[in-house]
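With chain A's structure known, arrange chain B on it following the hints.
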Amino acid sequence: MNFDDTPQEAEFRATARAWISANAPKQYEEELRKSSLGRTVLKNANILEVAKAWQKKKADAGWACLHWPKEYGGRGASPIERVIWQEEEGPFGQLSRMFIIGHGMCGPTMMAFAREEHKRKYLPPLASGEKIWCQLFSEPAGGSDVAGLRTRAEKDGDEWVVNGQKIWTSGAHYSDYGILLTRTDPTVPKHKGLTMFFLDMKSPGVEVRPIKQASGASDFNEVYFTNVRIPDHQRLGEVGGGWNVSLTTLMNERSAIGAAVSTGFPELFEYCSSLMLGDGPAIEDRAVRSKLANWAVKASGLKYTSMRAISALSRGERPGPENSIGKLVAGSMIQDVATYALDLQGAAGVVSGEDAELAGRFQAMLLRAPGTRVEGGTDEIMRNIIAERVLGLPGDIRVDKDVPFNKIPTKGRN
Amino acid sequence: MNFDFSDDQKQLRDQARKFLAEKCPPKAVRVVLDGKAPYDKELWKGLAEMGFLGVAIPEEFGGAGAGHLELCVIAEEMGRANAPVPFSSTVYLAAEALLIAGSDAQKKKWLPAIAAGEAIGTLALFEGKGNPSPKNVKITAANGVLNGVKKPVADGAIADFAVVAARTGSSGRENDISLFLVDLKAGGVEVKSLTNLDPTRGQAEISFRECKAEPLGAAGEGWSILTQMLDRAAVLCAFEQVGGADRALEMGRDYALDRIAFGRQIGSFQAVKHMLADMYVSATLARSNSYYSAWALSTNAAELPEAAAAARISATQAFQHCAKNNIQVHGGMGFTWEFDCHMYYRRANAMALGLGSLSYWEDQLIERMRKKNAA
Chain A
39 MNFDDTPQEA
49 EFRATARAWI
59 SANAPKQYEE
69 ELRKSSLGRT
79 VLKNANILEV
89 AKAWQKKKAD
99 AGWACLHWPK
109 EYGGRGASPI
119 ERVIWQEEEG
129 PFGQLSRMFI
139 IGHGMCGPTM
149 MAFAREEHKR
159 KYLPPLASGE
169 KIWCQLFSEP
179 AGGSDVAGLR
189 TRAEKDGDEW
199 VVNGQKIWTS
209 GAHYSDYGIL
219 LTRTDPTVPK
229 HKGLTMFFLD
239 MKSPGVEVRP
249 IKQASGASDF
259 NEVYFTNVRI
269 PDHQRLGEVG
279 GGWNVSLTTL
289 MNERSAIGAA
299 VSTGFPELFE
309 YCSSLMLGDG
319 PAIEDRAVRS
329 KLANWAVKAS
339 GLKYTSMRAI
349 SALSRGERPG
359 PENSIGKLVA
369 GSMIQDVATY
379 ALDLQGAAGV
389 VSGEDAELAG
399 RFQAMLLRAP
409 GTRVEGGTDE
419 IMRNIIAERV
429 LGLPGDIRVD
439 KDVPFNKIPT
449 KGRN
Chain B
11 MNFDFSDDQK
21 QLRDQARKFL
31 AEKCPPKAVR
41 VVLDGKAPYD
51 KELWKGLAEM
61 GFLGVAIPEE
71 FGGAGAGHLE
81 LCVIAEEMGR
91 ANAPVPFSST
101 VYLAAEALLI
111 AGSDAQKKKW
121 LPAIAAGEAI
131 GTLALFEGKG
141 NPSPKNVKIT
151 AANGVLNGVK
161 KPVADGAIAD
171 FAVVAARTGS
181 SGRENDISLF
191 LVDLKAGGVE
201 VKSLTNLDPT
211 RGQAEISFRE
221 CKAEPLGAAG
231 EGWSILTQML
241 DRAAVLCAFE
251 QVGGADRALE
261 MGRDYALDRI
271 AFGRQIGSFQ
281 AVKHMLADMY
291 VSATLARSNS
301 YYSAWALSTN
311 AAELPEAAAA
321 ARISATQAFQ
331 HCAKNNIQVH
341 GGMGFTWEFD
351 CHMYYRRANA
361 MALGLGSLSY
371 WEDQLIERMR
381 KKNAA
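Residue numbers (this note's numbering), protein chains in the order written: chain A, 39 to 452; chain B, 11 to 385.
The following block holds chain A by itself, in its conformation from the complex (with noise of 0.2 Å):
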């Protein structure tokens, strides 16, 4: 049980640190710490083009995507060295949010399944930032039931037609590639008729339109997909294979999104710090005390949870599904913790924007809170994942598992 850096871990963290100190676009630093989920603005830039020099600048000297071999674009560095360059990033590392889903999800699959010729082409560009990859796996009769997807393709000589729509893609708007789960074969139960491909976003036919969100930002889209052409070496893994791909895929999201989690605890020890009540700090207050503590040690928890997961990892051992449990825990943490921050502002609590305490921080939180409970797997999907994979217990009862999936009824009433 060590906590301090070993020599070898030091100077690592050494040269990250006077590396960043001395490249990080520091005029930003300041917007960035102020960002939480819900906003991440910078006033007088465009994001995703601060976020993509950013990225480039760290990938000419080999600090993109450290866990990713070198020949990918990557530094082929250890677990723990990532977690070391992820502490010392600090705000910066708000910038990689765009690329969280291609890092930490597409990368993956394509390593795992695509050839070798693009690898070499796809995955350099994409850990620079240059491209930007999205998941198109969601589908408007697919949420949860991932394998319910009804969007087509059929094979036309070396080329496969693709028909259908996507949904929840986030990212779509500006990006320049994706991977695509589609139904190849309706004539089979549901999991055992799904190939998976890679394909440009800029083909004839790909339609993208951004959906306004609860929250009113537009960080998912719809995809439409009429006759989109698709090369048969554009196929990741067997046709009929696909839910496998994705599994491999889903996994990288949840350790992905696991690894990152915010819990908005931060944010609220700081601002109860100053927020000064009737009778003087609210930090001094019994009742807020025993809120935040009872927050502070779940946001610890999660924090020791996931250095275990390093630990192992570090050891050699694959990361479990034990990951789920950041995910499930942050995503409603998060929600009650926005909640009590404008709880704590009364009234005023009502007003959002710029005219609100904080600028609007707490309650763009709020409006954006309830979609971290369903992106990437809902909660209840993360608690049968626990339940089934880590205790043991029966999975659900699956009425479609044998059926022909094109026999599997698609209304609840009529």
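If you're looking for bench data, these hints aren't it; they were derived computationally from the structure.
Hints may contain errors.
[Said to hold, decoys possible] The following label-pair restraints were derived from C-beta to C-beta distances:
| hint | chain 1 | residue 1 | chain 2 | residue 2 | range |
| --- | --- | --- | --- | --- | --- |
| 1 | A | Gly131 | B | Ala126 | 48 to 56 Å |
| 2 | B | Gly273 | A | Glu155 | 48 to 56 Å |
| 3 | B | Gly182 | A | Asp42 | 38 to 46 Å |
| 4 | B | Asp24 | A | Val388 | 55 to 63 Å |
| 5 | A | Pro63 | B | Asn185 | 22 to 30 Å |
| 6 | A | Asn82 | B | Ser143 | 51 to 59 Å |
| 7 | B | Ser143 | A | Gly131 | 38 to 46 Å |
| 8 | B | Asn185 | A | Arg324 | 21 to 29 Å |
[Said to hold, decoys possible] Quick list of in silico lysine-lysine cross-link-like pairs, DSS-like style, CA-CA up to 27 Å:
| hint | chain 1 | residue 1 | chain 2 | residue 2 |
| --- | --- | --- | --- | --- |
| 9 | B | Lys381 | A | Lys329 |
| 10 | B | Lys20 | A | Lys341 |
| 11 | B | Lys145 | A | Lys341 |
| 12 | B | Lys139 | A | Lys329 |
| 13 | B | Lys334 | A | Lys329 |
| 14 | A | Lys169 | A | Lys64 |
| 15 | A | Lys193 | A | Lys90 |
| 16 | A | Lys157 | A | Lys108 |
| 17 | B | Lys51 | B | Lys161 |
| 18 | B | Lys161 | B | Lys202 |
| 19 | B | Lys117 | A | Lys72 |
| 20 | A | Lys329 | B | Lys145 |
| 21 | A | Lys72 | B | Lys381 |
[To be verified] To be clear about the criterion: a stretch of chain B counts as covered by chain A if any three or more of its residues have a C-beta under 8 Å from a C-beta of chain A, and this derived list gives those stretches:
| hint | segment |
| --- | --- |
| 22 | 268 to 277 |
| 23 | 284 to 293 |
| 24 | 370 to 383 |
Since the model is a prediction, treat every value here as computed from it, not as a measurement.
Ideal Cβ positions, reconstructed from N, Cα and C, are used throughout, including at glycine.
Only chain B this time, still in chain A's reference frame:
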């Protein structure tokens, strides 16, 4: 960084688990639960023989001199087995108090006896309702003589000696409090057993009348020593609580797999699955917080006070949560005396209070975080 116990420590845990599975099955716990013995003497002797009582006591005082990480892994197993012995009072509180503040003579007198299973010690702090606070210490010590009543005192009825917090000044400040070491078998002590939530660990009321007591640590340093003692005990108790939480979760899981209702294993219903998943989440958060506090304890890091409070809160919540919902998973059978669920429910709720209740530790945690941030 390596955030895990070493292979040797894990081996020690396996050894302790095997030993306790054999010597401390539920039916042995029930002997004490049913009031047939005040504690499990055979088990206590066995723990001494295994070297578990003195695992963190230095060799020069008759212990194994291994360390606190080793003590943490044993504590977890004690919690898992719900062991009906005065381990926490003697090892986490009395022995630690001697290690922190004892004179050489005091250490020589008591530590080897603790390690050998020949002396049971405890802390006499509370005087009725209320959490740890200098204001709540009313009993007085003057000229080496104690007068007053302490209750509840964990394991007070079977203890050979107690560390007693008493008032030696009246300035209204922390340095009014001093600690004393009292031989409970000497004169001036009257002990009365109290019924309590968890009969597998006794509670007592101890009255001191003109009772001779020797100082433990410097006069006026009592509260500062006590704060350190409580922090250290919070870490060690957290491991017991984590062990108990894990066991309660396992019991619930096993029952959910065995029990059939509506033609299915009840563990196949999401209402039950999700309840068990939430128990796993609490237990995992508690374990991780406890690991961090173990590191802080073993290295005497500046982070210890904050880490101990966080572990205390997290582990208390997890054990209460798992013990409570284990009964729920079991349904009506979980509410019978015959099933073991209530033993963990009792232990979880008693442990939640013993070192000061949650509201006390919540306040401590935030105060400590605030001070660190201000520094």
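Hint by hint, here is what the structure shows:
Our hint of 48 to 56 Å for A/Gly131 and B/Ala126 holds, since their Cβ atoms are close to 55 Å apart. Judged by the Cβ atoms, the range 48 to 56 Å given for B/Gly273 and A/Glu155 holds: they are separated by roughly 54 Å. Restraint check, B/Gly182 to A/Asp42: a C-beta distance of roughly 41 Å satisfies the suggested window 38 to 46 Å. Taking the beta carbon of each, B/Asp24 and A/Val388 are about 57 Å apart, inside 55 to 63 Å as hinted.
Checked against the hint of 22 to 30 Å, the C-beta distance between A/Pro63 and B/Asn185 comes to roughly 53 Å, which is inconsistent with it. Between A/Asn82 and B/Ser143 the beta carbons are some 53 Å apart, a value that agrees with the proposed interval 51 to 59 Å. Checked against the given bound of 38 to 46 Å, the beta carbons of B/Ser143 and A/Gly131, roughly 42 Å apart, stay inside it. For B/Asn185 and A/Arg324, the Cβ-Cβ distance of about 25 Å falls inside the hinted range of 21 to 29 Å, so the restraint holds.
As the CA atoms of B/Lys381 and A/Lys329 are separated by approximately 18 Å, the hinted pair is consistent with the 27 Å bound. Pair hint B/Lys20 plus A/Lys341 holds up; C-alpha atoms about 23 Å apart against a cutoff of 27 Å. Between B/Lys145 and A/Lys341 the alpha-carbon distance is near 36 Å, which puts this suggested pair outside the 27 Å criterion. Only pairs whose Cα atoms come within 27 Å are accepted, and B/Lys139 paired with A/Lys329 is accepted, the gap being roughly 23 Å.
For the hint pairing B/Lys334 with A/Lys329, the CA-to-CA distance comes to about 22 Å; that is within 27 Å, so the pair holds. Between the alpha carbons of A/Lys169 and A/Lys64 the distance comes to roughly 24 Å, so the proposed pair stays at or under 27 Å and holds. Distance restraint check for A/Lys193 and A/Lys90: the Cα-Cα separation of roughly 36 Å exceeds the 27 Å cut-off, and the hinted pair is therefore not satisfied. Of the supplied pair hints, the one linking A/Lys157 and A/Lys108 holds, its CA atoms being roughly 12 Å apart against a limit of 27 Å.
Simply put, B/Lys51 and B/Lys161 have alpha-carbon atoms about 24 Å apart, close enough for the 27 Å limit, and the pair holds. Using a Cα cut-off of 27 Å, the hinted pair B/Lys161 and B/Lys202 holds, with the two alpha carbons roughly 10 Å apart. Of the supplied pair hints, the one linking B/Lys117 and A/Lys72 is violated, its CA atoms being roughly 54 Å apart against a limit of 27 Å. A threshold of 27 Å between alpha carbons decides the hint, and for A/Lys329 with B/Lys145 the separation of about 25 Å falls inside it, so the pair holds.
Proposed proximity of A/Lys72 and B/Lys381 is supported: the alpha carbons are some 23 Å apart, at most 27 Å. Taking a C-beta to C-beta cut-off of 8 Å, the segment 268 to 277 of chain B contributes 3 residues in contact with chain A, enough for the three needed, and the coverage statement holds. Coverage of the segment 284 to 293 of chain B by chain A holds [criterion: at least 3 residues with CB-CB distance below 8 Å; count 6]. For the segment 370 to 383 of chain B, the stated coverage by chain A holds: 9 residues have a C-beta nearer than 8 Å to a C-beta of that chain, and at least 3 were required.
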